[in-house]
Amino acid sequence: MTYATLENLTERYGADMLLGITDRATPPAGAIDTGVVARALANADATINGRLGTRFVVPLAGTPPEIREIAEAIAIWKLHVYKPDEKIEADYKEAMKTLEGMAAGSVVLHATTLAPVETGGTGARLTDRDRPLTAENLRGYI
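Per this note's numbering, the very first residue in the sequence shown carries number -8; after that it's consecutive.
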């Protein structure tokens, strides 16, 4: 499950823009390269999970709207082979800043969208094994 889809990117940025930055064939194929878009979306997901993984269980159980927007901003920035325009650059920087804030706890990500942590146990476990170094073993050294 990705946080954003090709449809989300098309809705936000338009098919013409996606065609211009993803059609890298020679000669141009005249179609959006879905493989290139899928790689950019996977990279965006990995970036989000990497940043939020220090604080939250990732991948997130659902896709909150703020995470979808962040994924879109990261993916469209990564799709640009050359320098993106100022708006794309500003959106990317804002997305990364928001992710850092979420990871630090200064920006709230609603907990209802997070997967519960399943530990498989009921609490702390204690194991008591034989101690290899005892007063009896170390007689003459202490």
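Errors might be hidden in some of the hints.
Cross-link-like lysine-lysine pairs, in silico, PhoX-like; alpha carbons within 20 Å at most [stated by the list, open to error]:
id, residue 1, residue 2
1, 69, 88
2, 74, 84
3, 69, 84
4, 78, 88
Pair ranges (Cβ atoms, derived) [to be verified]:
id, residue 1, residue 2, range
5, 73, 101, 35 to 41 Å
6, 99, 125, 50 to 56 Å
7, 18, 41, 54 to 60 Å
8, 29, 88, 57 to 63 Å
9, 45, 132, 18 to 24 Å
10, 117, 30, 42 to 48 Å
11, 84, 124, 20 to 26 Å
12, 85, 21, 56 to 62 Å
13, 33, 91, 34 to 40 Å
Bear in mind the hints are in silico, worked out from the structure with no lab data behind them.
The C-beta atom is built at its ideal place from N, Cα and C for all residues, glycine as well.
So, going through the hints one by one against the coordinates:
no.: 1; hint: 69 x 88; result: holds (16 Å)
no.: 2; hint: 74 x 84; result: holds (14 Å)
no.: 3; hint: 69 x 84; result: holds (12 Å)
no.: 4; hint: 78 x 88; result: holds (15 Å)
no.: 5; hint: 73 x 101: 35 to 41 Å; result: holds (37 Å)
no.: 6; hint: 99 x 125: 50 to 56 Å; result: holds (52 Å)
no.: 7; hint: 18 x 41: 54 to 60 Å; result: violated (37 Å)
no.: 8; hint: 29 x 88: 57 to 63 Å; result: violated (26 Å)
no.: 9; hint: 45 x 132: 18 to 24 Å; result: violated (44 Å)
no.: 10; hint: 117 x 30: 42 to 48 Å; result: holds (46 Å)
no.: 11; hint: 84 x 124: 20 to 26 Å; result: violated (55 Å)
no.: 12; hint: 85 x 21: 56 to 62 Å; result: violated (33 Å)
no.: 13; hint: 33 x 91: 34 to 40 Å; result: violated (21 Å)
Hint check: violations occur at hints 7, 8, 9, 11, 12 and 13; the rest are consistent with the structure.
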